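Visitor: When you get a sec, could you build the whole thing from the sequences and use the hints?
There are 2 protein chains.
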Amino acid sequence: MIQVVKADGIQEKKLLGQLKNRSEEVDRRVTAAVTEIIDAVKAKGDEAVRDYTIRFDGKCPTRFEIPKEDIQRALDEADSDFVGSLRRAKENIEDFHRRQKHQSFIDAKSNGVMMGQRIRGLHRVGLYVPGGTAAYPSSVLMNAIPAKVAEVEEIVMITPPLKSGGANPDILVAAAIAGVDRVFLAGGAQAVAALAYGTESIPRVDKIVGPGNIYVATAKRLLYGTVDIDMVAGPSEILIMADENAPAPFVAADLMSQAEHDVLASAILLTTSEKLAQETVAELERQSAALSRREIIAQSLRDFGAIIVCRDVEEMIAYANDIAPEHLEVMMTNPLEYLGKLDNAGSVFLGNYSPEPLGDYFAGPNHVLPTSGTARFFSPLSVDSFVKKSSFIYYTEDVLCDAKDDIVRIAEREGLTAHANSIKVRF
Amino acid sequence: MIQVVKADGIQEKKLLGQLKNRSEEVDRRVTAAVTEIIDAVKAKGDEAVRDYTIRFDGKCPTRFEIPKEDIQRALDEADSDFVGSLRRAKENIEDFHRRQKHQSFIDAKSNGVMMGQRIRGLHRVGLYVPGGTAAYPSSVLMNAIPAKVAEVEEIVMITPPLKSGGANPDILVAAAIAGVDRVFLAGGAQAVAALAYGTESIPRVDKIVGPGNIYVATAKRLLYGTVDIDMVAGPSEILIMADENAPAPFVAADLMSQAEHDVLASAILLTTSEKLAQETVAELERQSAALSRREIIAQSLRDFGAIIVCRDVEEMIAYANDIAPEHLEVMMTNPLEYLGKLDNAGSVFLGNYSPEPLGDYFAGPNHVLPTSGTARFFSPLSVDSFVKKSSFIYYTEDVLCDAKDDIVRIAEREGLTAHANSIKVRF
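Protein chains in written order, with the numbering used here: chain G, 407 to 833; chain Y, 407 to 833.
The reader is advised that the hints may include incorrect statements.
Which copy is meant is left open, because identical chains are indistinguishable; a pair holds if it fits in one copy or across any two.
Claimed, not checked - EDC-like mimics (lysine to aspartate or glutamate), calculated; alpha carbons at most 16 Å apart, straight line:
hint	residue 1	residue 2
1	Lys-810	Asp-487
2	Lys-747	Asp-728
3	Lys-507	Asp-790
4	Lys-830	Glu-803
5	Lys-515	Asp-501
6	Lys-465	Asp-452
It should be emphasised that the hints constitute simulated quantities derived from the structure, not laboratory data. Remember, it's a predicted structure, so these values are computed and weren't measured experimentally.
Guide: Written as structure tokens, this is what we have:
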């Protein structure tokens with residue numbers, strides 16, 4: 407079900423190369439179809455959204471917006487244990503994200519000059535939530551709560567209508583708990599375009615976040631600049647570093663918790679212990695038999711999974727930094743010691759009792775993380791993702807006079823004489 | 407040279423609509439040409455960069471990298487006044503950007519749980535600097551200094567070779583002052599692709615920043631995700647809010663300081679004073695006669711400039727927030743009072759002695775700012791642009807045990823049984 411490779415500098419390089427390329431395909435037909443949808447929604451608004459909804463989702467609801475009472479009713483009717491779990495998760499997520507919040511600053515100098523940077527929440531944010539089996543309430547919490555903490559004035563959720571006409575009730579429950587302000591029924595590229603441009607019924611937003619299929623992702627990519635978007639997300643990944651003291655049942659379970667997401671998901675174990683490698687293989691076989699998504703797990707472990715037996719810990723660290731995984735579990739003796747050495751990872755899970763699903767659902771840090779090696783330069787979704795910054799400058803006549811020769815000199819050297827003139831005209 | 411419009415809700419709306427559309431054109435031929443270049447550089451490395459350099463720049467230097475001695479020599483031989491001005495600008499820019507720096511945080515709870523967010527400078531950043539008349543030393547300072555403050559380990563500059571074979575000496579001087587580590591000679595889409603993938607001679611970077619022509623901008627856009635990029639930049643803009651006390655010569659000079667950049671640049675005055683509007687028209691005529699770039703100024707003022715006479719200050723503020731300009735000058739009585747009310751702007755220049763070129767060259771805040779109304783959601787280039795964040799979680803067995811029912815419940819509700827299994831297997 408999974409290949410075990412001894413690190414020899416050749417085999418595992420090939421394997422890691424395959425891994426990085428798995429999300430690079432760009433489908434020109436998808437781009438053409440999505441471009442057409444975007445153009446239609448821009449030109450015709452609601453009418454176009456309605457036409458595409460009928461074409462792709464079977465029928466279109468009479469009104470796009472779900473009334474507030476229906477959202478409240480979903481919350482009132484929900485299983486109270488489930489609501490309790492989501493509420494406790496929300497508290498932890500909110501608590502962690504509050505710590506990310508930055509203040510505006512001002513530097514008010516004694517010579518009268520003032521400069522600074524103002525930080526303010528975006529005005530309106532759109533949260534896309536997929537329909538069907540990929541409608542995850544945890545994803546609603548993880549996307550909406552940091553926006554709320556950033557003081558975004560209005561959070562608008564959009565999700566494809568179910569066959570029955572409404573929305574998935576679990577999604578509505580999560581929306582109510584997270585503080586989503588309005589919910590609309592539309593899906594796919596037409597929903598993304600509606601949020602980017604605004605229609606008669608659906609308000610224009612400043613940023614669109616949330617997962618989606620290839621049509622949603624392509625629409626976001628094409629509309630980047632007209633609207634801000636969250637990162638370009640690829641298939642999910644886990645990398646586990648484990649030494650001979652790590653329990654194989656834990657290692658195997660955690661590899662599969664990522665592998666079950668998608669046949670393109672990747673789960674890799676780096677270990678110095680040949681014994682752990684063999685025990686993990688056995689545990690994968692044993693535990694997977696009882697799991698509902700065992701076929702997806704088997705395929706993703708076969709195609710994009712691996713156990714790499716490394717010569718030493720330094721080699722493990724070097725691979726981890728090269729792979730730059732979305733999720734990085736460190737099941738090593740004294741796990742905290744590794745935090746500084748691991749340069750690239752979306753989220754680092756330290757120790758035997760910090761499995762990745764703890765982070766997906768409950769601990770507090772965001773579960774929207776950079777994938778496909780982009781942790782080299784992208785960061786987890788955070789409060790910073792939902793703010794805009796502006797700088798400001800206030801100079802006095804005297805201080806500008808002191809600076810005028812420097813400014814005029816650089817401007818003229820660059821051949822920008824109107825820039826120089828704007829200083830000279832004042833003196 | 408510039409149209410004067412009375413705000414009546416129709417004329418100026420049309421005008422602002424034109425403004426927003428001026429950078430939306432996507433050229434399919436450019437995309438096709440750039441895609442070919444990117445594929446070639448990815449496949450053939452140096453050889454492809456060399457071929458394209460010969461084709462587009464006439465000839466290719468023997469080696470791409472400029473030796474450190476040549477950079478030092480450019481600094482030693484430069485005009486000392488110019489070097490002094492750049493050094494003073496650098497001090498101010500560095501001082502301002504130091505205030506933007508954020509710390510990693512840890513939340514170490516009394517129950518043994520630890521969580522936090524680590525912030526670290528990117529490993530290597532590429533700075534593209536255009537050749538010819540658009541080779542601006544100020545741009546080198548504004549892009550390199552925040553990277554340096556963010557503790558980026560290596561800053562690599564790349565710039566097209568001059569006809570003479572070398573690089574613009576002013577650019578090398580700015581690179582030396584700003585602390586750029588290595589400089590390479592290549593330009594266009596081939597230079598961007600080389601930085602994104604790495605070649606035998608040119609190192610792969612994590613993020614590419616800096617201005618460039620349509621080929622450079624398209625290459626950055628297409629490679630976004632393989633590498634991080636700075637924002638999608640459009641033509642430059644200034645919006646001035648001025649009341650009857652603002653001096654018309656200052657207003658006119660500042661409008662032209664933006665208009666000289668480019669025939670697509672936009673310069674707009676919002677005023678409550680018809681008298682100021684008329685005086686500004688006269689000053690534009692008078693002052694522009696002496697400016698070297700008067701033809702560009704005349705064309706950009708004609709096509710994308712306007713003076714809008716507003717009924718009251720509230721109307722001015724509403725337009726300013728709708729336009730979301732790159733540069734916003736507030737030449738109003740008590741200018742500081744407006745800072746809170748102005749929601750969308752890259753940089754705000756308050757008072758009669760804070761002209762936009764002060765910010766371009768000297769004061770300290772960054773001059774790389776969101777254009778074309780994207781200040782609604784994008785922010786100025788900053789230290790934050792050059793860091794990556796990772797979250798981390800350390801849970802203990804006891805605390806995970808307390809949380810296990812909540813995690814399992816949400817995981818199972820989402821149908822992700824391998825997620826639930828990863829918790830259950832531990833207890």
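Visitor: Look at each hint and say if it fits the structure.
Guide: Against the structure, the hints come out as follows:
{"no.": "1", "hint": "Lys-810 with Asp-487", "in the structure": "between (67 Å within a copy, 13 Å between copies)"}
{"no.": "2", "hint": "Lys-747 with Asp-728", "in the structure": "within (12 Å within a copy, 46 Å between copies)"}
{"no.": "3", "hint": "Lys-507 with Asp-790", "in the structure": "both (7 Å within a copy, 13 Å between copies)"}
{"no.": "4", "hint": "Lys-830 with Glu-803", "in the structure": "within (12 Å within a copy, 69 Å between copies)"}
{"no.": "5", "hint": "Lys-515 with Asp-501", "in the structure": "between (35 Å within a copy, 12 Å between copies)"}
{"no.": "6", "hint": "Lys-465 with Asp-452", "in the structure": "within (14 Å within a copy, 54 Å between copies)"}
No hint from the list above goes unmet by this structure.
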